[in-house]
Each structure stands twice: as structure tokens, then as C-alpha cells.
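Peer 1: Line by line, the protein sequences are chains A and B. Position one of the first sequence corresponds to residue 292 (this note's numbering), numbered consecutively onward. Position one of the second sequence corresponds to residue 53 (this note's numbering), numbered consecutively onward.
Because the hints were derived from the structure by calculation, they are not lab data. Think of the CB as a built atom: it goes at the ideal place given N, C-alpha and C, for glycine as much as any other residue. One or more of the hints may lead you astray.
[Claimed, not checked] Below, simulated DSBU-like cross-link-like pairs (lysine-lysine); rule was C-alpha separation at most 35 Å, straight line:
| # | chain 1 | residue 1 | chain 2 | residue 2 |
| --- | --- | --- | --- | --- |
| 1 | A | K558 | A | K380 |
| 2 | B | K213 | A | K385 |
| 3 | A | K464 | A | K354 |
| 4 | A | K558 | B | K55 |
| 5 | B | K102 | A | K293 |
| 6 | A | K300 | B | K198 |
| 7 | A | K558 | B | K138 |
| 8 | A | K558 | B | K239 |
| 9 | B | K107 | B | K203 |
| 10 | B | K120 | B | K252 |
[Said to hold, decoys possible] Every beta carbon over 12 Å from chain B, so not counted as near; a handful from chain A, in silico:
| # | residue |
| --- | --- |
| 11 | G324 |
| 12 | Q350 |
| 13 | I393 |
| 14 | L540 |
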Amino acid sequence: MKEIFLFLKSIFSTHRYLWITIPFIAILVWFTGLIYSNISLFINLNELNATMITAERNQILFKLANINKYEQTSLFIFILPLIHLYFIKNLFQKDYHFSLPIPLISKFIGYLSLGIFIFLMNFMIIAILNYGLQNYLRHNYYNELMAAYDQAGYLYHKLNDYSIFNNGQMNIKNLKISSIFLLLLPAFYVMLLYFKKYSLLIFGIAFSLFIPIAPISLNNILIFLNFDKLNSYRISNDALNTNFMIINLLLTACLIYYSFYVFLKEKEA
Amino acid sequence: MDKLTSTLQPGNIYGLLGLNGEGKTTFLKLLVGMLFPKEGEILINSSNSKDRSVKFLSQVYFLSDHSKLPAIKIEEFGKIYGVFYKGYNHEQYLNNLEVFQIQLDQHLKNLSLGQHRKVHIAFALATNTPILLMDEPTNGLDIPSKSIFRKLLASYMNDDKIMLIATHQIKDVDKLLDHLLIMKNGKFVIDESIPTLSRKYKISNQIKEGIPIIHVEEDYFQKNYLIENNNEEETKLDIEFLFNAFSQNSKIN
Numbered sequence: 292m293k294e295i296f297l298f299l300k301s302i303f304s305t306h307r308y309l310w311i312t313i314p315f316i317a318i319l320v321w322f323t324g325l326i327y328s329n330i331s332l333f334i335n336l337n338e339l340n341a342t343m344i345t346a347e348r349n350q351i352l353f354k355l356a357n358i359n360k361y362e363q364t365s366l367f368i369f370i371l372p373l374i375h376l377y378f379i380k381n382l383f384q385k386d387y388h389f390s391l392p393i394p395l396i397s398k399f400i401g402y403l404s405l406g407i408f409i410f411l412m413n414f415m416i417i418a419i420l421n422y423g424l425q426n427y428l429r430h431n432y433y434n435e436l437m438a439a440y441d442q443a444g445y446l447y448h449k450l451n452d453y454s455i456f457n458n459g460q461m462n463i464k465n466l467k468i469s470s471i472f473l474l475l476l477p478a479f480y481v482m483l484l485y486f487k488k489y490s491l492l493i494f495g496i497a498f499s500l501f502i503p504i505a506p507i508s509l510n511n512i513l514i515f516l517n518f519d520k521l522n523s524y525r526i527s528n529d530a531l532n533t534n535f536m537i538i539n540l541l542l543t544a545c546l547i548y549y550s551f552y553v554f555l556k557e558k559e560a
Numbered sequence: 053m054d055k056l057t058s059t060l061q062p063g064n065i066y067g068l069l070g071l072n073g074e075g076k077t078t079f080l081k082l083l084v085g086m087l088f089p090k091e092g093e094i095l096i097n098s099s100n101s102k103d104r105s106v107k108f109l110s111q112v113y114f115l116s117d118h119s120k121l122p123a124i125k126i127e128e129f130g131k132i133y134g135v136f137y138k139g140y141n142h143e144q145y146l147n148n149l150e151v152f153q154i155q156l157d158q159h160l161k162n163l164s165l166g167q168h169r170k171v172h173i174a175f176a177l178a179t180n181t182p183i184l185l186m187d188e189p190t191n192g193l194d195i196p197s198k199s200i201f202r203k204l205l206a207s208y209m210n211d212d213k214i215m216l217i218a219t220h221q222i223k224d225v226d227k228l229l230d231h232l233l234i235m236k237n238g239k240f241v242i243d244e245s246i247p248t249l250s251r252k253y254k255i256s257n258q259i260k261e262g263i264p265i266i267h268v269e270e271d272y273f274q275k276n277y278l279i280e281n282n283n284e285e286e287t288k289l290d291i292e293f294l295f296n297a298f299s300q301n302s303k304i305n
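Next comes chain A alone, as it looks inside the complex (with noise of 0.2 Å):
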């Protein structure tokens, strides 16, 4: 334990520019990701700013009621702790790091729980920016939305869950997918080891064509297993289903993890 700490240590001591970056690039990118994919958003607040006439702004407000939440931040849970990872593969090639005398089960834990250390940092400002448009829109028009509601008949009206009044919902949806990190995660290590120049590009590459031949193939390897009485083709039972899904990702994760665990203990410099 004491050897993985001081293994992180040594990351974090000489990768410090990740305490600005993880930050700085997750506030970037989620603004600019909110300019391009929303920007009705930004014309109907900025239009509210410039009307003083209720019966516009009611038009407005029940605009940007319909305005979709932040969807896309999804992606960037999984796709900016990469980017972060990428920049530390030079590791694997320094000498001086390279032959640490440390167990290699400690550097397969550290630089998991680094990679695992950045996704949650990312997430965090994720979730806070989520949260934070949430409660500017719900601040400052939520009571005059309700209003215009009764105004337009719509007694009781609820906003709808799809609302960019209900952003901070995607935490939780962002939350619950998360765990499909500690797939990606160990998988990414293998292409950083593996591929010295455009890993991050092939890694795209191989996981957008893993995604659709996936099921299947594994779905076969457990039919020629004698698995099939668990195949979901063949039996519509919602608890078996979950199971076969649940024995598809965890013999999937032990792959992944396993290859990882080869690759860090057979890589050369």
C-alpha cells in the first residue's frame, strides 16, 4: 500500500500541470460543448435580457423550458480522462521510472487508481457545472416559467424530465453509466503500451468497432461454451438476460484487465 501511494506520488509530483488541467480543459470543454450543441440556450437568455414584454417572454421561457439537457457531458466523462492519461504515457519510456524497483502488482494498482483519480476529479467538475446551470436557469426563471405556465392554462404544470431546467439529472445518468470507465480504462493502458505514436487514435478506432462485434462474439464464445442456456435469444426471462449481460461484462473486464496486467509486466523500453 505504502509503495502504491509513494508510485502516485511520484506521478503526481512530476505530472503537477494536472491540477490545472483536469479542471481548466472539463470548464472548456463544457462550455464549448454548450455553445455548439445549445446555443437556442444562449439565444433565448439572451432575448429575455432584451425584452420587457411579458407575453414575449413567456413565449421565451417556455422555449428554453424545451431546450434538451446537457446530453453530450456524458462523453465527456469518459473522453477527457483519456486525453489526460495520454499525455503521461512518456512514463512508460523514462528510465528513471521505467525500472522502479517496485512489485508490479503495486504499479498495476497505481496506475490504475491514477487513472481512476482523474476520471473522478473530471467527473466532479462534470457534475458541478451540471448543477450549476441547473440552479442559474432555476435561480433566475423558474419561478417566472411557473407563472407563465399558469398564465398560458397550464394549472400544476410540471417541467419535463428532458428539461435543461432538470441538468443536474444528468449527474446522476453520467453516475450510473460511469462504471463503463473501468472497462475502458485498463484498455487504453493497452494501447498506450502497445501503440507508441496515435494510441488515442486507434484506441478510438478499435473501441467504436469492439462496441458492435462485442455482444456478438461473446454472445458465440458462451454459445460454444455451453452457456446457451442463459443465451438471450432463446430465452425472453429479464433475470437471465441480466445475468448473461453480467457474465458478458465481467468476462470482458477480466480480459481487459488481465492484458493490461501482461502487457505492463512484458513491455520493453
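Position chain B relative to chain A; hints supplied.
Peer 2: Okay, now just chain B, sitting in the frame of chain A:
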């Protein structure tokens, strides 16, 4: 490299020489476990390099031919990486830096390449690993620093340590060497101690007729010959001359 076999004994400073591309750096990387041999094995006190075990890695430090250290403070570098080596002595690290006239409060990113080299050498020596592998250690060092480097190296040497220096700048370290390894065509054409070599060969500018000449070089003033030393007495050897003889002579493979 092919069927490269040697046993390095503690208490010796080895010089590893070879022309460009002969595989000196590869050999050092194999020794430290950064590369794996396709056949055969490298053992340090029965620990195999392929295992990269803590036992193996804690016995060897590799000073590569380029010292681009991370952008942190000089003293911090020692503290962060020194903890992994049980023999590391921070006082020695600081002392080595002082000898090299490196100011401790400086940041590594503000140092020149030569100063990075000095910091790395200071750290490598302070790890006190039984085996220290150095690839072109004097690269980037100014002339006074080369002398300091030699003095430091001599002060750290003891009967339990092995130092292996791969270099083209043989004049920088020739006085320190106890043993010479010359690589040619993936093999050691010389794997002998300096005293043994000086008993086997001698350099002369005059030869008697009939004496077989191993190598001849002509400088501005005279011809110099490498010949066998028949009287078994130690003679003064010029390692650079010896290296030229064994690396350039096509009869020696």
C-alpha cells in the same frame, strides 16, 4: 547480439566500448531489464532480468545516455525517487550536487542539458545500488565536471559494487577502468582486465623484424604498432589505441 556471455565481478569498473550501432545501449538495457533477451538469461545474484522483481531492480541503476529529468525542484527529485531505493542516501545526493556546483533551490526545467546530467549522476551514485550502469555518462559535461565525475566515481567505488560505463569518450574514464569489454559484431572480442591486457599486448613505435603486428596506426610523427607482449611484464596501454585495433581490424571477429 549473439551468444554474448560474460560474468561481471564486484569491485570492478568495467568499460564497455564498441562502434556506433554495435549494441552497447541495447546491452545495458538488457542488463537493467528494460529489454528482454530473445534467448538466454541475465542474472544478478540469481534474480532473472525477465522477472523485473523488486530484488532484481533494487540492485541495479541505469543512467541512460540522455538525462531529461521531470520539471520539479532538484532536491525534490531525490526525495521522490530516492525512497524506492533502500540504499539511497539523500545527504550524499545533496553533497554530490554541491560538488558539481549545482544550486539546490533551482528548478530542473531551468537547467541546461549538462546540468541535468550532473543531477542525474548525483542521484545515480546516491542510490548506492550494487550495480551502476552508465551510458555515455560524460555526455554534456564541461571539462572541470568530467574531472569531478571521475573523482566522485572513484569515491563511491568499493569491493561490493560493479560499475559499467559504456562510452565513446574513453579519455574521460580510461584511468578508472579495471576491465575492458569491447563489442564487435554482436560479441565481446575483448573481455579482459586491464592488467591482463597490458601483460598480453604492448604498443611500440619500433618493431623487430618477424614480430607479428596486430594493428598499426600512424600519427603526425611516427607509426605505432600493437604487438603481443612476450615478456609478461605489464606495459602502459592506450585504451583508445587498443579499441581501434580490435574494433577496426577486419581480421578480428
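Peer 1: All hints, please: hold or fail.
Peer 2: The hints, checked one at a time:
Proximity of K558/A to K380/A is assessed by CA-CA distance (about 13 Å); at most 35 Å being required, the pair is judged to hold. For the hint linking K213/B to K385/A, the alpha-carbon distance of about 24 Å falls within 35 Å, and the restraint holds. Distance restraint check for K464/A and K354/A: the Cα-Cα separation of roughly 24 Å lies within the 35 Å cut-off, and the hinted pair is therefore satisfied. Distance hint between K558/A and K55/B is fulfilled; the C-alpha atoms sit about 23 Å from each other, no more than 35 Å.
For the hint linking K102/B to K293/A, the alpha-carbon distance of about 25 Å falls within 35 Å, and the restraint holds. About 33 Å separates the Cα atoms of K300/A and K198/B, which keeps this hinted pair within 35 Å; it holds. Note on K558/A and K138/B: the hinted pairing holds, with a Cα-Cα distance of about 25 Å set against a maximum of 35 Å. Taking the CA atoms of K558/A and K239/B, the gap is near 26 Å; set against the 35 Å cutoff, the hint holds.
For the proposed pair K107/B and K203/B, the alpha carbon gap of about 29 Å is at most 35 Å, so the pair holds. Only pairs whose Cα atoms come within 35 Å are accepted, and K120/B paired with K252/B is rejected, the gap being roughly 41 Å. With a cut of 12 Å on Cβ distances, G324/A stays outside the contact zone with chain B, its closest approach being about 31 Å. Interface exclusion of Q350/A from chain B stands, the closest Cβ pair being 55 Å apart, more than 12 Å.
The claim that I393/A is not at the interface with chain B is violated, since a C-beta of that chain comes within 12 Å of its own (minimum 6 Å). Consistency note on L540/A: stated as away from chain B, and its beta-carbon is indeed over 12 Å from all of that chain's, at 31 Å minimum.
Hint violations for this structure: numbers 10 and 13, all remaining hints satisfied.
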